[in-house]
Structures are given as C-alpha cells and as structure tokens.
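*Asks:* All chains, please: the whole structure from these sequences, using the hints.
2 protein chains.
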Amino acid sequence: MAPKCRPRYEVSKQPSSPDTVQDYKDARWATLVKTTYIDPDSTTRTWESAERLTRPAGSLIDGVGIVAILQHPSDPSAPPSILLQKQFRPPIDAVTIEVPAGLIDAGETAEQCALRELKEETGYVGTVVGEGFGVSPVMFNDPGFCNTNLHMVHVTVDLSKPENQNPKPELEDNEFIECFSVPLTDLYAACRRFEKEGFAIDARVGTFAEGIEVAKRWKLV
Amino acid sequence: MAPKCRPRYEVSKQPSSPDTVQDYKDARWATLVKTTYIDPDSTTRTWESAERLTRPAGSLIDGVGIVAILQHPSDPSAPPSILLQKQFRPPIDAVTIEVPAGLIDAGETAEQCALRELKEETGYVGTVVGEGFGVSPVMFNDPGFCNTNLHMVHVTVDLSKPENQNPKPELEDNEFIECFSVPLTDLYAACRRFEKEGFAIDARVGTFAEGIEVAKRWKLV
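Quick note, the sequences are listed as chains A and B, same order. Take the first sequence: its letters are residues 1 to 221, numbered as in UniProt numbering. Take the second sequence: its letters are residues 1 to 221, numbered as in UniProt numbering.
If you are wondering where the hints come from, they were derived from the structure by calculation, not from laboratory data. The structure displayed is predicted, hence computed values, not measured ones. Note that beta-carbon positions come from the ideal geometry of N, C-alpha and C, so glycine has one too. Please note: incorrect hints may appear among the correct ones.
[Stated by the list, open to error] A few chain B residues facing chain A, derived, Cβ under 8 Å:
| no. | residue |
| --- | --- |
| 1 | F180 |
| 2 | L184 |
| 3 | F208 |
[Unchecked claim] Pairs of lysine-lysine residues, derived as BS3-like cross-links and limited to a Cα-Cα distance of at most 27 Å, are as follows:
| no. | chain 1 | residue 1 | chain 2 | residue 2 |
| --- | --- | --- | --- | --- |
| 4 | A | K161 | B | K219 |
| 5 | A | K119 | A | K168 |
| 6 | B | K86 | A | K34 |
*Replies:* Okay, structure coming up:
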C-alpha cells in the first residue's frame with residue numbers, strides 16, 4: 001500500500017555548517033525585521049523576528065501544507081491513510097517527517113497550489129475536500145518568532161483512478177523526497193517511532209497526530 | 001466556565017513598523033544562518049534559515065507548548081475543554097489564538113517548564129499526563145525555514161482543587177494575555193469563528209484542531 005515515489009533518500013554524511021552567520025545583504029530567501037509597537041500600558045517596545053522573502057506580492061500566505069488522504073473505494077474496509085514525506089531539512093540538519101507542502105506562486109489559489117505541489121512532489125492527482133473543510137484558516141507556524149504561515153489543504157487521493165496507478169513525481173534538482181503513508185489512526189504512534197529512529201517531526205504533522213490521539217482518548221466522535 | 005485570567009487585551013491601534021530591516025549586529029533574540037550541505041547527487045548547496053538566540057546551551061529545544069485540559073471531576077458530564085490564550089504577536093501584527101507556551105530555562109525539563117509557564121501565564125496548577133502521552137516528540141515549527149522547536153506537554157487541570165479556584169497569573173511587564181477555554185470537540189469550529197473575528201490562528205492549535213476534526217469525520221475512535 002505504501003506509495004512508491006522515489007528511491008530511499010540518503011542523507012549525506014558530510015557535515016553541514018549551520019553556524020555560518022549570514023551577512024544580511026547576501027540573503028535572498030530570509031530576513032530579520034524589527035517591529036515597534038505600543039503595548040496596552042502605552043509602553044513602546046520592539047520585537048525581533050524572521051520573515052521569508054519569497055511571499056508573492058498580494059498573497060496573504062507563504063504556502064500550503066497538504067493533508068492527503070489515500071482512499072481505496074474498492075476496499076472500504078481499508079483504513080484511511082495519510083500521505084507523508086521524508087525530506088532532509090538543512091535548517092535542522094535532519095530528515096523530517098512532514099506533509100507534502102510548498103510555497104505559493106503569484107496569482108495561485110491555495111487549492112491550486114496544493115494540487116500542483118501534490119502532483120510535483122508525490123505524483124498523485126488529488127481532489128480538494130468539500131463541505132468547508134478543504135482549506136484551513138491561515139495558520140502561523142511560530143508567531144512569536146516569525147511571520148511564516150500557510151493554509152492546510154485537505155485532499156483525497158482515489159487510488160483506483162488510472163492516473164494514480166503509477167505516480168511519478170516531478171521533483172526539482174534540489175528536491176529529494178521519499179513518500180510513504182500511515183493509517184490515520186496510527187499516526188501518533190508512528191511519530192513516536194520515527195523520532196526513535198532519528199527522524200525529526202514537523203509540528204504540523206505532530207500536533208495533527210496529537211489531535212487524533214486526543215479525540216480517541218476522550219472519545220470525541 | 002471560562003477562566004478569568006486578565007482583563008480583555010486591547011490591541012494598540014498605533015501602527016507597528018514591521019519593515020524596519022534589522023542590522024544583524026544589533027540582533028539579540030534572532031539570527032540568520034547559512035547552512036552548506038551536500039545533496040545525494042553530490043552537489044554542494046546552501047540554505048538560508050533563521051534561529052532563536054535564546055536556546056540554553058545543552059538544551060535540544062527552544063520551549064514548550066501546553067495542551068491543558070480543564071477537568072471538572074464533580075461534573076463528569078462536562079465536556080473536556082482546552083485552555084487557550086489571546087496574545088498580541090508583533091511578528092504578525094495580530095492577536096493570536098494559541099496554547100500557553102514559553103521558552104525553556106537552562107537546566108529545566110520540559111515538564112517543569114510547562115507547569116511553570118502554565119502557572120505564570122494562566123494561574124492554574126496542572127498535572128502532566130502519564131501513560132507516555134505527557135511530553136510529545138520534539139516538534140519543529142517550520143523546518144524548511146527555521147530551527148525553532150518545542151515539546152507539546154499535555155497537562156490536566158483539576159478545577160475542583162483549592163489552588164485552581166481563583167487562578168492568578170504572574171505575567172511579565174511585557175506580557176498581555178487573555179485566557180479562555182473551548183470544548184475540545186468544538187475546537188475546529190472555534191478556530192474558524194476566531195479567524196472570521198480577525199484573530200490569527202497558531203498552527204499548533206489549528207492542526208491539533210484539524211486532527212480532532214479528522215478523527216470525528218473518519219470515526220477513528
């Protein structure tokens with residue numbers, strides 16, 4: 001059942017150098033900003049934070065994360081599974097367990113970005129979920145530190161469709177991504193297992209998994 | 001049932017200035033780094049990212065987020081509710097819906113940090129959940145952009161205890177936090193409503209809410 005997207009990713013054993021301080025003038029992708037604000041006690045304060053330089057003019061978001069649920073209409077008893085990725089992330093020098101994701105292009109909607117990135121990164125053709133659950137509120141990844149944000153876009157992938165029989169990713173030269181899937185109901189235990197195996201857990205995956213686990217523990221259905 | 005922690009937070013209407021570019025040498029809280037790495041095709045590449053300057057030496061994490069569930073042992077029919085906060089976040093110039101959270105002190109465990117921050121920010125005295133569910137895997141907030149990370153710490157707050165009858169936060173001079181609670185089963189709908197009202201949604205809250213909602217939709221209990 002695990003989708004085959006790429007040969008297994010091999011992390012380079014060459015040491016990375018995460019402590020080279022960046023000269024601000026050279027930076028093309030990220031910047032620091034200082035915000036001045038007045039608090040409720042009328043005290044003027046400042047706050048340092050980081051921003052991407054890639055958000056298109058006019059866009060309210062940097063990108064999307066994609067919750068893609070693999071479905072087997074011919075096998076209704078098969079548990080719904082979430083499509084995940086292993087990808088090396090230089091900022092943390094580790095291979096991360098994350099959802100398919102990407103930065104938004106100018107003029108693109110969140111839905112368009114999600115279906116494009118899903119196809120590019122995994123080869124799968126998906127359908128955005130309806131009933132007002134397809135595109136999440138704008139979510140801010142770490143709003144005390146940076147302004148980066150995204151919509152989570154919920155997508156179903158019908159594995160019986162011809163276009164999903166032999167998914168072929170179209171990766172950039174600098175993208176090395178391995179796709180796999182986990183039954184939703186096992187996602188929390190899988191995150192625990194992946195951490196023990198040395199993978200890093202993306203918070204969007206980890207807190208999503210905790211939500212499922214809490215719903216099970218408190219019988220919220 | 002809503003806990004009373006602070007008078008309602010008033011956002012200053014003074015415009016903030018988020019576009020003042022920070023001179024690197026002045027920065028005390030955040031920095032940019034450039035990482036060099038060798039990809040699986042043996043190509044040397046670089047990656048720009050942001051880091052906090054506050055992580056204590058020897059600590060693997062920047063801080064904790066706290067999933068605090070309010071419980072009424074005397075009223076077992078009351079739905080479990082999650083403790084949330086409204087807090088102005090200068091990096092996004094908005095009041096955010098978030099869980100109690102804080103940076104870790106040197107030598108502190110995640111559990112200690114969570115109980116300390118919970119008491120400081122909300123006044124409540126909590127107990128860390130057992131059964132291996134108390135402290136989450138390390139989660140990375142946006143690992144393509146920055147190295148910031150946290151443990152989510154799961155805590156219960158027994159509202160029948162004497163110390164939780166009249167919670168008194170102990171906030172810093174620059175902290176203005178309003179606490180409230182939402183039934184877990186309503187959290188996703190509440191996030192939708194808060195966004196419509198102009199609040200920003202922290203991704204740790206939003207994806208947690210989506211996990212609960214997905215568990216309900218797929219009947220994963």
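*Asks:* Compare the structure with the hints numbered earlier in the document and write down the numbers of the violated ones, lowest to highest.
*Replies:* 1
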